[in-house]
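Asks: Listed here are the chains, written in short residue letters.
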Amino acid sequence: MAIKVQIPSALRRLTAGASSLTCTASNLEQLFSVLDEKFPDLKPHLRDDKGQVRRFLNIYVNEEDIRFLGGPEYAFQEGDEVLLVPSIAGG
Amino acid sequence: MAHYELRCRECGRTWGNQPRSICDDCFSPLEVTYDYDALRAALLRGSNGHGAFSREAISQRPPNMWRYSELLPLPQGFEPRLPVGFTPLLQAPHLAERLGAQARNLYIKNDAVCLPTLSFKDRVVAVALAQARAFGFDTVSCSSTGNLANAVAAHAAREGLKAWIFIPADLEPAKILGTNVYGAKVVRIAGNYDQVNRLCSQIADEHRWGFVNVNLRPYYAEGSKTVGFEIAEQLGWRLPDNLVCPMAGGSLITKIKKAFDELVKLGLVEAKEVKFFGAQATGCSPISTAIKTGSAEIEPQKPATIARSLAIGNPADGHYAIKTIKSSGGWSEDVSDPEVIDSIRLLAETEGIFTETAGGVTVGTAAKLYRQDRILPEETTVLCVTGNGLKTTDALAGVYRTEQPIAPKLVEFENYLRRTLDVAEVPGVIAAREEAASVGA
Chain P
1 MAIKVQIPSA LRRLTAGASS LTCTASNLEQ LFSVLDEKFP DLKPHLRDDK
51 GQVRRFLNIY VNEEDIRFLG GPEYAFQEGD EVLLVPSIAG G
Chain L
1 MAHYELRCRE CGRTWGNQPR SICDDCFSPL EVTYDYDALR AALLRGSNGH
51 GAFSREAISQ RPPNMWRYSE LLPLPQGFEP RLPVGFTPLL QAPHLAERLG
101 AQARNLYIKN DAVCLPTLSF KDRVVAVALA QARAFGFDTV SCSSTGNLAN
151 AVAAHAAREG LKAWIFIPAD LEPAKILGTN VYGAKVVRIA GNYDQVNRLC
201 SQIADEHRWG FVNVNLRPYY AEGSKTVGFE IAEQLGWRLP DNLVCPMAGG
251 SLITKIKKAF DELVKLGLVE AKEVKFFGAQ ATGCSPISTA IKTGSAEIEP
301 QKPATIARSL AIGNPADGHY AIKTIKSSGG WSEDVSDPEV IDSIRLLAET
351 EGIFTETAGG VTVGTAAKLY RQDRILPEET TVLCVTGNGL KTTDALAGVY
401 RTEQPIAPKL VEFENYLRRT LDVAEVPGVI AAREEAASVG A
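From first to last, the protein sequence lines stand for chains P and L. Under full-length UniProt numbering, read the first sequence as residues 1 to 91, first letter to last. Under full-length UniProt numbering, read the second sequence as residues 1 to 441, first letter to last.
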């Protein structure tokens, strides 16, 4: 599935300034593998020492928190827009 | 040099002082930390221009939150322009009787009368805007469930800053009007708070605005500590046994804990193991659900409750609120919307305090905690009421009948009285009337 990933400015120093990326991935695990490969500097920021996605990293698909869509089980649809938000603030 | 700086709550990296809320290394939230050793020495010497920071010295200062300035992240030379905080801590004997507490041991910390906008959000905004000005922002902003919108708009007007306020479109009308009136630009978003909040994270990425609860959040959140400082001082420089606190983003309860810890560190109060209890509405209870199911992590929820000021389904500080509650030996409960309404009425009828829905959540939760024996009658317990009922009157729509008017005649009133009152409830009135009738005869 071709999906578009939006890179927030906090991460762009690790993506050579790229603000978005179009790639093929069918689920979150595959997407992280693509990001790991494409932007090796990004990897330790997205995952902790144990390889788990960092607690405070929020992932949205078409404006919806991916946890409401099934989280790691969610199968990306063609044209999905994925947004990475480091540590949601607010409240 | 400032006696405080930003530090990552997880990896510990320090970030100096700047408008940012996130650690770039691990994406965890930042928090303001203080050099307590230097602070302790300076406070004893009184060398920071405020005089010594002793109980006696503090008690001589004006009755507002700025009396604790040394423990707030304020820019050099900051001169407060609004007397925010120092709200009443009231004994609540009649409510205590209804909840099963001992009359002298239940207190309400009443931020329903916090100035200038009648919620505890005035405290956090006051600190955030002090920093906004120091960082050179000419526009301040926030995502809000209402109270924060009011506070940012009012404080911005006072400070001569522009304000852009982002709110869920279905917010209570009084909270929208109470933002518009200060001249703020109000942007209604067709979505819930969490969606508004996510959008604001993106906007903060693109625009150089001071978002009080995004890039200024570490400073903003410190303002909540003043609730804790005041409770301790108003209890005669001692800590309560229990504290019951409403939770939305989960920050307030962690900051009251931090405030108590700081007072202990500085020797202003004796150490005590305070139990922290969190209150949520059942229709938006990600933190209390985690506590009750023994989870250390938050499962986000889609809010569905009349307690809109607490309707945050993905609480930014949920993880830390869980830690605060669990490590203290406390607990968290949640209450239904009808319980919220009953509790608003109970507090108003017993203690004369009209709170908004969040206060109903707190009182309703406290009632549950007493019933569960998690809070004992003889323990000193403080309930945090954080907002004013006049902002959420629509929650009570339909609760009270609109009475038919009566003619302005005494006889009409006497008839009305007979129709309305249970004779057994007003023997004095009835007896007096019967006496008058017999005299007349």
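Please note: incorrect hints may appear among the correct ones.
[What the hints assert, rightly or not] Capping the alpha-carbon separation at 30 Å, the derived lysine-lysine pairs in DSS-like fashion look like this:
1) Lys292(L) <-> Lys4(P)
2) Lys50(P) <-> Lys368(L)
3) Lys326(L) <-> Lys50(P)
4) Lys50(P) <-> Lys275(L)
5) Lys275(L) <-> Lys368(L)
[Claimed, not checked] Per label pair, the in silico range of CB-to-CB distance:
6) Asp138(L) <-> Glu64(P): 50 to 56 Å
7) Ser19(P) <-> Pro377(L): 37 to 43 Å
8) Val113(L) <-> Gln6(P): 52 to 58 Å
9) Glu297(L) <-> Glu64(P): 18 to 24 Å
10) Gln6(P) <-> Glu297(L): 21 to 27 Å
11) Asp41(P) <-> Gly136(L): 41 to 47 Å
12) Arg67(P) <-> His207(L): 26 to 32 Å
13) Ser19(P) <-> Gly398(L): 25 to 31 Å
14) Arg188(L) <-> Gly70(P): 16 to 22 Å
15) Ser26(P) <-> Pro173(L): 42 to 48 Å
16) Arg67(P) <-> Ala190(L): 45 to 51 Å
17) Gly79(P) <-> Val113(L): 51 to 57 Å
18) Gly398(L) <-> Arg12(P): 48 to 54 Å
It is worth saying that the hints were derived from the structure and are not from the lab. Glycine is no exception: its CB is placed at the ideal position from the N, C-alpha and C atoms.
Asks: State for each hint whether it applies.
Replies: Do the hints match the structure? See the list:
1. Lys292(L) <-> Lys4(P): 38 Å, violated
2. Lys50(P) <-> Lys368(L): 40 Å, violated
3. Lys326(L) <-> Lys50(P): 25 Å, holds
4. Lys50(P) <-> Lys275(L): Not satisfied, since the Cα-Cα distance of roughly 33 Å exceeds 30 Å.
5. Lys275(L) <-> Lys368(L): 15 Å, holds
6. Asp138(L) <-> Glu64(P): 50 to 56 Å: Check failed, 34 Å falls outside 50 to 56 Å.
7. Ser19(P) <-> Pro377(L): 37 to 43 Å: Given a distance of about 59 Å, which is not inside 37 to 43 Å, the answer is violated.
8. Val113(L) <-> Gln6(P): 52 to 58 Å: 44 Å, violated
9. Glu297(L) <-> Glu64(P): 18 to 24 Å: 19 Å, holds
10. Gln6(P) <-> Glu297(L): 21 to 27 Å: Holds, since Gln6(P) and Glu297(L) (Cβ atoms, about 25 Å apart) stay within the stated range.
11. Asp41(P) <-> Gly136(L): 41 to 47 Å: Violated: the Cβ-Cβ distance is about 31 Å, outside 41 to 47 Å.
12. Arg67(P) <-> His207(L): 26 to 32 Å: 28 Å, holds
13. Ser19(P) <-> Gly398(L): 25 to 31 Å: At 50 Å between Cβs, range violated.
14. Arg188(L) <-> Gly70(P): 16 to 22 Å: 30 Å, violated
15. Ser26(P) <-> Pro173(L): 42 to 48 Å: Roughly 46 Å apart at Cβ, these two residues keep to the hinted range, so it holds.
16. Arg67(P) <-> Ala190(L): 45 to 51 Å: 21 Å, violated
17. Gly79(P) <-> Val113(L): 51 to 57 Å: Given a distance of about 52 Å, which is inside 51 to 57 Å, the answer is holds.
18. Gly398(L) <-> Arg12(P): 48 to 54 Å: With Cβ atoms ~52 Å apart, the hint holds.
Figure legend: structure checked against the earlier numbered hints; hints not met, in rising order: 1, 2, 4, 6, 7, 8, 11, 13, 14, 16.
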